[in-house]
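Asker: Protein sequence lines correspond, in order, to chains A, B and C.
The C-terminal residue of the first sequence carries number 263 in this note's numbering, and the numbering is unbroken.
The C-terminal residue of the second sequence carries number 404 in this note's numbering, and the numbering is unbroken.
The C-terminal residue of the third sequence carries number 608 in this note's numbering, and the numbering is unbroken.
FYI, nobody ran anything at the bench for these hints, they're computed from the structure.
Virtual Cβ for every residue (Gly too), placed ideally from N, Cα, C.
Among the clues, some could well be false.
Derived, one-sided and incomplete: chain C residues facing chain B with beta-carbon distance under 7 Å [what the hints assert, rightly or not]:
hint	residue
1	Tyr63
2	Gly292
3	Glu307
4	Pro316
5	Val442
A few chain A residues that don't get close to chain C, going by computed Cβ distances all over 12 Å [what the hints assert, rightly or not]:
hint	residue
6	Asn54
7	Arg92
8	Glu152
9	Pro185
Cut-off 20 Å, straight-line C-alpha distance, at most; resulting in silico cross-link-like pairs (EDC-like, lysine to aspartate or glutamate) [stated by the list, open to error]:
hint	chain 1	residue 1	chain 2	residue 2
10	B	Lys397	B	Asp368
11	C	Lys530	C	Asp586
12	C	Lys592	B	Asp368
13	B	Lys246	C	Glu166
14	A	Lys49	A	Glu112
15	B	Lys384	B	Glu325
16	A	Lys97	C	Glu504
17	C	Lys327	B	Asp250
18	A	Lys158	A	Asp62
19	B	Lys253	C	Glu484
20	C	Lys477	A	Glu75
21	C	Lys477	A	Glu216
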Amino acid sequence: MVKVYVNNNEVEVSQDALVIDAVEKAGYEVPTLCYLKGLFNEATCRICVVKVNGKVVPSCRFPVFEGARIIVDDSELRRLRRVNLELLLATHEIKCWSCVRKGMCELLSLSKRLGVEGIPVCSECPLRGRSCLVLKGFPCLGPLTVAGCDAECPRRGSPCIGCRGYIMSEDVWVRALEEFYKDNVSLNELKSLISFFWSYLPQNLYRLVREVSNVEY
Amino acid sequence: MYYEQSRTYLRTPQSGAVLDPRRYLSVVDRVICKYGADRSKLINMLQEIQREFQHLPRQALEMLSVKLGISLSEIINVATFYHQFRLEPVGVYVIQVCFGTTCYLKGSSEIYESMRKVLGLRERENTARDGTITIEKARCFGCCSLAPVIMVTSSDGSERYVHGRLNVSEGKRVVLDYRSKALMKLKGLKNE
Amino acid sequence: MSEALELGSGTRKISELIVRVPLASCTLAAGASKVLESIEKALGKLGLEARVKKTGCMGLCYLDPWIELESRGLPPTIYANVKPEQAEGIIRRYVEGDLSGALAVRSEASGFKGVPTLNSLPEWRLQVRYVSRNCGFIDPESIEDYLRTGGYSGLKKALKLGREEVIEIVRKSGLRGRGGAGFPTWYKWRVAYEQRSDVKYVICNGDEGDPGAFMNRLLAESDPHRVLEGLIIAGYAIGASRGYIFVRAEKPLMADRLEVAVRQARDYGFLGEKILGTDFSFDVEVYRSAGAFVCGEETALIAAIEGRSRPRQRPPYPATSGLWGKPTVINNVETLAHVATIFQTGLDEFTKYGTERSKGTKMFCVTGSVRKTGVYEVPIGTKIRTLVYELAGGPPDGRSVKAVQVGGPSGGCIPADLLDLELDYETLQSYGAIMGSGGLVVIDNTNCMVDVAKYFITFTLAESCGKCLPCRVGVKVLGDILEKVASGTATLEDLELLRELGESIMRSSLCALGGTAPNPVLSTLRYFKNEYEEHVVMRRCPAKVCSRLVTYEIDPARCRGCGQCAKNCPVSAISGQPGKAFKIDTSRCTKCGQCLIICPFGAVVKG
Numbered sequence: 047m048v049k050v051y052v053n054n055n056e057v058e059v060s061q062d063a064l065v066i067d068a069v070e071k072a073g074y075e076v077p078t079l080c081y082l083k084g085l086f087n088e089a090t091c092r093i094c095v096v097k098v099n100g101k102v103v104p105s106c107r108f109p110v111f112e113g114a115r116i117i118v119d120d121s122e123l124r125r126l127r128r129v130n131l132e133l134l135l136a137t138h139e140i141k142c143w144s145c146v147r148k149g150m151c152e153l154l155s156l157s158k159r160l161g162v163e164g165i166p167v168c169s170e171c172p173l174r175g176r177s178c179l180v181l182k183g184f185p186c187l188g189p190l191t192v193a194g195c196d197a198e199c200p201r202r203g204s205p206c207i208g209c210r211g212y213i214m215s216e217d218v219w220v221r222a223l224e225e226f227y228k229d230n231v232s233l234n235e236l237k238s239l240i241s242f243f244w245s246y247l248p249q250n251l252y253r254l255v256r257e258v259s260n261v262e263y
Numbered sequence: 213m214y215y216e217q218s219r220t221y222l223r224t225p226q227s228g229a230v231l232d233p234r235r236y237l238s239v240v241d242r243v244i245c246k247y248g249a250d251r252s253k254l255i256n257m258l259q260e261i262q263r264e265f266q267h268l269p270r271q272a273l274e275m276l277s278v279k280l281g282i283s284l285s286e287i288i289n290v291a292t293f294y295h296q297f298r299l300e301p302v303g304v305y306v307i308q309v310c311f312g313t314t315c316y317l318k319g320s321s322e323i324y325e326s327m328r329k330v331l332g333l334r335e336r337e338n339t340a341r342d343g344t345i346t347i348e349k350a351r352c353f354g355c356c357s358l359a360p361v362i363m364v365t366s367s368d369g370s371e372r373y374v375h376g377r378l379n380v381s382e383g384k385r386v387v388l389d390y391r392s393k394a395l396m397k398l399k400g401l402k403n404e
Numbered sequence: 002m003s004e005a006l007e008l009g010s011g012t013r014k015i016s017e018l019i020v021r022v023p024l025a026s027c028t029l030a031a032g033a034s035k036v037l038e039s040i041e042k043a044l045g046k047l048g049l050e051a052r053v054k055k056t057g058c059m060g061l062c063y064l065d066p067w068i069e070l071e072s073r074g075l076p077p078t079i080y081a082n083v084k085p086e087q088a089e090g091i092i093r094r095y096v097e098g099d100l101s102g103a104l105a106v107r108s109e110a111s112g113f114k115g116v117p118t119l120n121s122l123p124e125w126r127l128q129v130r131y132v133s134r135n136c137g138f139i140d141p142e143s144i145e146d147y148l149r150t151g152g153y154s155g156l157k158k159a160l161k162l163g164r165e166e167v168i169e170i171v172r173k174s175g176l177r178g179r180g181g182a183g184f185p186t187w188y189k190w191r192v193a194y195e196q197r198s199d200v201k202y203v204i205c206n207g208d209e210g211d212p213g214a215f216m217n218r219l220l221a222e223s224d225p226h227r228v229l230e231g232l233i234i235a236g237y238a239i240g241a242s243r244g245y246i247f248v249r250a251e252k253p254l255m256a257d258r259l260e261v262a263v264r265q266a267r268d269y270g271f272l273g274e275k276i277l278g279t280d281f282s283f284d285v286e287v288y289r290s291a292g293a294f295v296c297g298e299e300t301a302l303i304a305a306i307e308g309r310s311r312p313r314q315r316p317p318y319p320a321t322s323g324l325w326g327k328p329t330v331i332n333n334v335e336t337l338a339h340v341a342t343i344f345q346t347g348l349d350e351f352t353k354y355g356t357e358r359s360k361g362t363k364m365f366c367v368t369g370s371v372r373k374t375g376v377y378e379v380p381i382g383t384k385i386r387t388l389v390y391e392l393a394g395g396p397p398d399g400r401s402v403k404a405v406q407v408g409g410p411s412g413g414c415i416p417a418d419l420l421d422l423e424l425d426y427e428t429l430q431s432y433g434a435i436m437g438s439g440g441l442v443v444i445d446n447t448n449c450m451v452d453v454a455k456y457f458i459t460f461t462l463a464e465s466c467g468k469c470l471p472c473r474v475g476v477k478v479l480g481d482i483l484e485k486v487a488s489g490t491a492t493l494e495d496l497e498l499l500r501e502l503g504e505s506i507m508r509s510s511l512c513a514l515g516g517t518a519p520n521p522v523l524s525t526l527r528y529f530k531n532e533y534e535e536h537v538v539m540r541r542c543p544a545k546v547c548s549r550l551v552t553y554e555i556d557p558a559r560c561r562g563c564g565q566c567a568k569n570c571p572v573s574a575i576s577g578q579p580g581k582a583f584k585i586d587t588s589r590c591t592k593c594g595q596c597l598i599i600c601p602f603g604a605v606v607k608g
């Protein structure tokens with residue numbers, strides 16, 4: 047048995063335990079993504095990083111040692127986790143409106159937890175397939191607004207108006223605009239909705255919408 | 213970006229000439245006889261196969277995967293990870309343009325682009341359509357005093373030339389020289 | 002062995018004339034094999050009985066191909082940049098005692114007939130040839146040559162000592178790893194020595210993937226036995242039974258020479274069962290890897306030998322659980338050469354050079370915009386300025402040094418006003434670079450720092466194994482942002498993002514590749530922020546490198562009106578009549594740069 051300190055709380059764990067075991071034993075929780083206890087701990091996603099004696103290490107792989115001082119959460123760790131999740135979302139083809147996971151998605155719950163805005167309202171929306179509002183031709187902003195509201199409006203049958211703001215990622219916008227175009231949602235109809243945050247749109251998104259829609263402000 | 217490479221490799225059918233399957237089998241058998249059915253010698257086996265065919269033919273890798281009892285994707289994982297391995301067949305001459313720091317700073321990327329232009333290569337294409345020349349980017353050769361430098365190897369490994377202190381127009385001339393040389397060789401093969 | 006010594010000195014007396022021709026990858030590329038042919042022809046023609054000796058390279062690459070002539074009554078003389086057709090004349094004149102055209106003579110005393118001594122040349126005088134002492138002097142494929150210069154005496158000394166004493170000597174020497182971070186060599190040895198295991202391994206890391214660094218290749222090609230001797234000593238110290246020398250298949254000559262050395266050492270009883278009558282048995286295999294930059298990382302190197310790819314998370318460190326789960330020590334080629342030399346010459350000879358914290362000498366490759374490209378061995382703590390200006394001769398006329406890139410793709414750029422920094426591990430680290438394997442690339446005013454950063458990021462992106470997220474995606478995003486900067490579509494927030502993202506990648510990556518990959522970006526951003534800002538705010542590339550930010554013009558004086566550019570312009574922005582100077586319509590030009598590449602007369606200029 048070795049003694050380690052998790053956020054200054056003393057914990058005793060067995061010799062061959064991992065940092066994550068010690069953290070869990072102390073009653074704290076580390077967000078994980080690629081880690082599957084006992085099956086997979088190649089430490090590839092780097093979401094579960096913690097600090098051991100000041101060094102950033104993946105808790106799912108790092109072994110404990112006597113007197114290790116583990117910090118589970120601080121501003122830098124939160125930033126690192128957030129950046130890594132954002133990077134993951136950057137390569138993720140976000141098409142929540144047609145995704146098979148139907149919102150039961152670890153990425154979504156993790157981004158909610160870490161405060162990463164990258165997943166659209168569609169991920170939480172129960173109206174999938176044929177009942178999707180966009181598919182029906184309604185100007186619903188779901189594909190490009192930030193999730194977290196549990197899709198209150200689409201759930202009740204009215205299009206999303208984007209209360210929580212838009213997603214900054216260009217890729218999401220490209221895919222969303224494609225979806226609108228495919229389903230004959232006229233951008234002129236969307237215009238009034240988009241104008242809700244029109245003046246805050248960064249240059250690249252502004253240019254993108256202009257290119258696709260010829261919508262002039 | 214090797215995973216993209218492996219993905220396209222798995223999806224697309226074999227490009228280039230397809231030989232008699234018995235030829236692949238004999239090479240694979242010989243390689244396995246030499247190294248034993250040992251997973252840890254995979255890199256050496258692939259090196260041997262490449263020496264035979266100048267690239268790693270899909271059929272040979274499939275046979276290797278069956279014989280070694282490991283999945284094809286695992287073999288391709290290794291094959292795409294290391295620079296030495298080529299998945300596409302090469303031309304008669306392989307021109308490697310050094311992209312070491314010194315060569316890059318002295319303009320090797322312009323030479324590379326102009327050489328591709330001379331051969332009329334399209335994006336993602338490395339070998340001229342007549343099968344004469346393959347142009348590749350290469351890691352530092354360690355001849356930085358000759359920068360920018362290119363190395364030309366014939367695909368059977370019998371000839372090797374180094375050209376140093378190049379500029380764009382000399383680079384173009386070198387490509388055309390080797391192209392006519394390669395055409396002669398190809399012609400000779402046909403006549404035989 | 003004593004027989005061999007006598008035999009060696011015997012042959013020396015017989016031959017009247019000795020011709021040394023360097024045969025290493027670099028000199029061969031410069032045409033040394035043709036020079037060798039012409040020398041043999043010339044000797045036959047002149048009727049001279051001479052011994053042609055194939056040596057390694059002495060590291061002064063700008064002299065390639067050089068030859069050295071030695072004869073009784075005349076000092077050994079070095080001729081630089083020899084062309085095959087000159088060989089006959091040089092030999093004839095030398096035999097007649099006429100040394101005109103020679104670069105230098107290798108003698109202790111003053112010059113000879115107006116030819117300076119090698120020691121009077123600054124690029125030789127300022128060097129301390131400690132591990133590279135034999136490079137370019139002995140025949141790398143002859144163990145007798147190595148034995149004559151005191152070879153394997155270090156191994157004999159080490160084998161008389163206990164294992165702990167050997168480690169103690171390395172500890173006292175203060176030798177640090179010459180391959181990168183400067184980890185104390187003795188510490189790895191000690192940890193591996195203390196492991197209880199029936200099988201242990203030592204690996205010599207000769208992968209050397211850094212572009213612009215080739216000192217390991219040069220050392221192993223020119224003096225392979227020194228590396229091998231160091232490896233055997235390391236094997237003895239930790240109690241290993243097997244060693245590997247890890248070489249890239251792309252460096253065939255290096256692998257061949259090491260294989261020859263291993264064979265010869267086996268014949269002489271330095272390898273195999275019960276070495277030199279002790280109960281220490283050890284054998285070495287040269288492993289030809291298929292080449293990947295990440296193999297410089299210890300765990301990836303081990304994975305390559307095991308037939309896999311990709312590094313893994315440390316700990317456990319290789320010293321406790323490495324190759325096939327056994328304790329493994331991995332040392333760089335140069336480190337092992339240092340070990341052998343320390344045991345040959347004694348501690349004092351080594352510790353008298355260097356700084357308080359890092360002892361000894363280090364080989365540096367100085368390339369890029371300098372007159373005398375080459376490998377220079379200098380004491381650690383030498384100023385960058387000395388290396389760049391006095392040894393390598395500074396930039397060519399009309400250029401000025403803008404920065405020095407130290408440590409390859411994991412290193413950083415040191416700006417020109419910090420050239421008085423001393424080259425040692427800690428100083429470089431505190432200024433955002435690393436010593437790495439010791440490659441110095443001199444960047445001049447015609448190079449754009451954004452482009453340099455982009456180059457290194459493209460390199461690391463292609464080399465990233467793709468296992469962990471920050472390196473796989475993060476480096477790609479860094480590259481995308483740099484591309485935006487280089488094409489003038491970035492904003493000032495992007496620069497801030499670049500810095501923040503770079504720091505995150507460094508903190509949370511799995512291995513050293515990702516942990517150092519953002520270094521080139523962060524260091525250029527730190528010292529050349531104004532250049533980045535000029536790209537972003539003014540949309541201008543001061544060095545006229547970033548093709549999207551320059552304007553293209555046709556110089557009417559050079560244009561012959563062939564019309565090639567107009568034919569190839571994708572947007573038909575070039576117009577004119579055949580035979581007369583063409584013109585580029587800058588409002589339609591998309592700055593693709595095709596015309597510049599296509600123009601046969603170099604008439605297209607960047608403005």
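Asker: Please go over all the hints and tell whether each is borne out by the structure.
Answerer: Cross-check of the supplied hints:
1. Taking 7 Å as the C-beta cut-off, the interface hint given for Tyr63 (chain C) holds, the closest approach to chain B being about 5 Å.
2. The restraint placing Gly292 (chain C) at the interface with chain B holds, with a minimum CB-CB distance near 4 Å, inside the 7 Å limit.
3. Interface restraint check: Glu307 (chain C) against chain B, minimum CB-CB distance 5 Å, threshold 7 Å, status holds.
4. The closest approach between the C-beta of Pro316 (chain C) and any C-beta of chain B is roughly 23 Å, which is over the 7 Å cut-off, so the hint fails.
5. With a least beta-carbon distance of about 5 Å to chain B, the hint placing Val442 (chain C) at the interface is held under the 7 Å criterion.
6. The claim that Asn54 (chain A) is not at the interface with chain C holds, since no C-beta of that chain comes within 12 Å of its own (minimum 22 Å).
7. For Arg92 (chain A), the requirement that its beta carbon stay farther than 12 Å from each beta carbon of chain C is not met, with the minimum near 5 Å.
8. With a least CB separation of 14 Å from chain C, Glu152 (chain A) remains clear of the 12 Å interface cut-off, as annotated.
9. Every CB of chain C lies more than 12 Å from the CB of Pro185 (chain A), the least distance being 30 Å, so the non-interface label holds.
10. Taking the CA atoms of Lys397 (chain B) and Asp368 (chain B), the gap is about 12 Å. The hint holds against a cut of 20 Å.
11. Taking the CA atoms of Lys530 (chain C) and Asp586 (chain C), the gap is about 32 Å. The hint is violated against a cut of 20 Å.
12. This hinted pair does not check out: Lys592 (chain C) and Asp368 (chain B) have alpha carbons roughly 40 Å apart, beyond 20 Å.
13. Restraint check for Lys246 (chain B) and Glu166 (chain C): not satisfied, since their Cα atoms lie roughly 42 Å apart, outside the 20 Å limit.
14. Proposed proximity of Lys49 (chain A) and Glu112 (chain A) is supported: the alpha carbons are some 5 Å apart, at most 20 Å.
15. A C-alpha spacing of about 10 Å is found between Lys384 (chain B) and Glu325 (chain B), which places the hinted pair at or below 20 Å, so the restraint holds.
16. Pair hint Lys97 (chain A) plus Glu504 (chain C) holds up; C-alpha atoms about 16 Å apart against a cutoff of 20 Å.
17. For the suggested pair Lys327 (chain C) and Asp250 (chain B), the alpha carbons sit about 19 Å apart, so the restraint of at most 20 Å is met.
18. Taking the CA atoms of Lys158 (chain A) and Asp62 (chain A), the gap is about 33 Å. The hint is violated against a cut of 20 Å.
19. Of the pairs offered as hints, the one joining Lys253 (chain B) and Glu484 (chain C) is violated, with about 40 Å between alpha carbons and a cut-off of 20 Å exceeded.
20. In summary, the hint linking Lys477 (chain C) to Glu75 (chain A) is not supported, as the alpha carbons are separated by about 31 Å, beyond the 20 Å threshold.
21. Simply put, Lys477 (chain C) and Glu216 (chain A) have alpha-carbon atoms about 16 Å apart, close enough for the 20 Å limit, and the pair holds.
Checked against the numbered hints listed earlier, the structure breaks hints 4, 7, 11, 12, 13, 18, 19 and 20; every other hint is satisfied.
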